[in-house]
Amino acid sequence: MALGPPNIWIGRSRAFASLVEAAGDRFEEALEIVEDYLRPVADLDTFAFRMTKDGADGKNHSGRFPAAALRMLDKLGGPDRQTAPWNIGELLETVATARPRQHLPPGRF
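Numbering (our numbering), first residue to last: 1 to 109.
Everything labelled a hint here was simulated from the structure, so no lab data went into it.
Among the hints, erroneous ones may be present.
What the hints assert, rightly or not - The following label-pair restraints were derived from C-beta to C-beta distances:
id	residue 1	residue 2	range
1	25	81	31 to 41 Å
2	24	46	14 to 24 Å
3	81	26	30 to 40 Å
4	99	29	16 to 26 Å
5	79	25	26 to 36 Å
6	67	89	15 to 25 Å
7	25	80	27 to 37 Å
8	29	50	15 to 25 Å
9	67	37	14 to 24 Å
10	74	97	14 to 24 Å
11	37	79	12 to 22 Å
12	26	99	15 to 25 Å
13	43	22	27 to 37 Å
Beta carbons are placed, not taken as given, at the ideal position from N, Cα and C, and that holds for glycine.
With the sequences and hints as input, model every part of the structure.
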């Protein structure tokens, strides 16, 4: 059974990513639910910025949930390096600081 044309999944991927971001303390749980439905999307700049932006508690998603943030970035960022977010270095640095032994997917980032 076909799941629809790829452009439909781009919109759904953005919606699912927003849902995960809005889950707050349940970020990892929300990601587990929608992870299989996430597809690469272009223009991840805003997403990557929000992942590193401190919330009211002074923390951010990439610092609080480094492994999950990295998995989500891997799902949303396609193989084309030109579509990588402008602040990908900052996001990866936040993950590395929060969890120094976190391994990057081979050949990514």
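Outcome of the hint check:
1. 25 - 81: 31 to 41 Å: Given range 31 to 41 Å: holds, Cβ gap about 33 Å.
2. 24 - 46: 14 to 24 Å: Given about 18 Å between the Cβ atoms, the range holds.
3. 81 - 26: 30 to 40 Å: Hint holds: Cβ distance 32 Å, inside 30 to 40 Å.
4. 99 - 29: 16 to 26 Å: For residue 29 against residue 99, whose Cβ atoms are near 18 Å apart, the range 16 to 26 Å holds.
5. 79 - 25: 26 to 36 Å: 32 Å, holds
6. 67 - 89: 15 to 25 Å: 19 Å Cβ-Cβ, so the 15 to 25 Å window holds.
7. 25 - 80: 27 to 37 Å: Holds, at about 33 Å.
8. 29 - 50: 15 to 25 Å: Since residue 29 and residue 50 have Cβ atoms about 18 Å apart, the given range 15 to 25 Å holds.
9. 67 - 37: 14 to 24 Å: 19 Å Cβ-Cβ, so the 14 to 24 Å window holds.
10. 74 - 97: 14 to 24 Å: 19 Å, holds
11. 37 - 79: 12 to 22 Å: 19 Å, holds
12. 26 - 99: 15 to 25 Å: 19 Å, holds
13. 43 - 22: 27 to 37 Å: 19 Å, violated
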